[in-house]
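Protein chains: 2
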Amino acid sequence: MAKEESDIFQFKRPGIAVDVVLFTIKNDDLKVGLIQRQDEPYFGKFALPGRFVRYEETIEDTARTALKQKGGINSSGVFLEQLYTFGSNLERDTRIRTISIVYYGLVESSKIDFQQGNLFTWYSVYDLPKLAFDHKEIIDYAVNRLRGKIWETDFAFQLMPDEFTLTELQKAYEIILGKKLDKRNFRKKIAELQILKDLKKKKQEGPHRPAALYSFLRKG
Amino acid sequence: MAKEESDIFQFKRPGIAVDVVLFTIKNDDLKVGLIQRQDEPYFGKFALPGRFVRYEETIEDTARTALKQKGGINSSGVFLEQLYTFGSNLERDTRIRTISIVYYGLVESSKIDFQQGNLFTWYSVYDLPKLAFDHKEIIDYAVNRLRGKIWETDFAFQLMPDEFTLTELQKAYEIILGKKLDKRNFRKKIAELQILKDLKKKKQEGPHRPAALYSFLRKG
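These protein sequence lines map, in sequence, to chains A and B.
Heads up: the first sequence begins at 0 in numbering that gives the first Met the number 0, then just goes up one per residue.
Heads up: the second sequence begins at 0 in numbering that gives the first Met the number 0, then just goes up one per residue.
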């Protein structure tokens with residue numbers, strides 16, 4: 000055992016990277032941010048923004064730096080959560096055996112602070128281009144987690160403006176879940192979750208009577 | 000960007016390890032398996048079984064090899080799930096900056112197949128010895144996850160014998176949750192989960208009338 004422990008500097012270390020799945024809702028569609036690779040392997044193919052973890056950098060910092068350097072996004076306002084670490088496929092990167100710690104987050108698309116020279120594009124999760132590495136698999140995993148979490152928490156508040164109607168919230172849930180929801184059941188579930196604050200004001204939605212506006216209780 | 004991509008072989012790579020939090024219930028207590036370190040750093044201190052990820056090894060294999068080599072445990076029957084990847088504390092290992100992918104699992108203590116020369120000891124999560132690295136923090140995180148999951152799934156079936164009474168199951172839940180549960184609420188919740196199969200036979204429990212025996216629907 001002593002031998003094994005002291006071996007760390009002897010054996011070849013895998014590469015360790017962070018990739019970020021950033022979701023938004025835009026044009027009534029669940030979208031994920033992709034960048035087009037400017038280098039081999041997978042030159043020209045789309046990929047999640049990612050980066051190898053530097054020795055003196057926390058993995059959370061690696062995620063935010065990837066968003067900034069690859070996506071041109073100032074991520075300081077972006078909520079990121081660790082999703083999963085992919086390390087079972089030894090061939091996922093052709094350069095070096097790489098383990099990927101994946102973060103995911105939601106952002107209201109209007110709030111993204113694109114910086115100059117960004118290569119970031121929003122793609123529908125339902126209509127993805129050909130992706131580099133195992134990024135298709137990673138995105139599918141992230142979509143499933145997002146769907147699993149939507150009723151558990153107010154995670155979705157990241158996607159909504161400060162004030163919204165129940166119709167707008169239902170729409171966002173439908174887009175994430177990829178299916179229509181019954182209006183009455185939706186309102187019942189949301190009420191049970193106790194995540195909304197009634198703002199005691201109304202918004203005109205089309206020709207209908209004005210709809211009540213809400214915000215998330217825990218937001219801000 | 001091309002420069003950054005081609006830099007992977009230039010910069011210093013962090014170490015990447017896997018640690019395993021293996022839980023069991025023994026003597027009416029939630030216990031975790033620890034090994035006593037035979038090497039620096041933290042010589043003589045207790046730690047989770049862990050191992051650096053080899054280049055040609057999946058992270059799941061690393062976890063199972065750690066259980067085998069450090070714990071003397073044949074893990075083929077042990078259900079392991081990825082818990083979290085700890086990579087925010089740059090100082091967690093004094094030898095090399097190390098990111099730890101943590102797996103956790105539950106095992107029925109009688110089923111552990113200890114191999115020769117094992118150094119594995121079960122410690123109560125409520126009375127841990129002084130631990131190496133950040134392993135106390137990792138165990139706390141794992142206990143919280145376990146408690147969060149207990150009502151969601153039949154995850155706990157890993158801990159139970161093939162046949163058990165509702166009283167025995169409630170006891171296991173109480174040990175994991177660290178608190179007493181109301182018998183009626185417990186039985187109602189378990190019924191809602193629809194995870195049990197009534198075996199249509201009885202077991203004598205002390206001087207009371209015989210109790211119905213159950214198994215998990217999905218087990219095996």
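There's no promise every hint is true.
Copies of the same chain look alike in the list, so a pair counts if it fits in one copy or across any two.
Result set (EDC-like, lysine to aspartate or glutamate): computed pairs, CA atoms no more than 20 Å apart in a straight line [claimed, not checked]: (1) K11 x D60; (2) K187 x D133; (3) K129 x E80; (4) K11 x E59; (5) K188 x E151.
The set of hints was computed from the structure by calculation and includes no laboratory data.
Violations among the numbered hints: 2, 3
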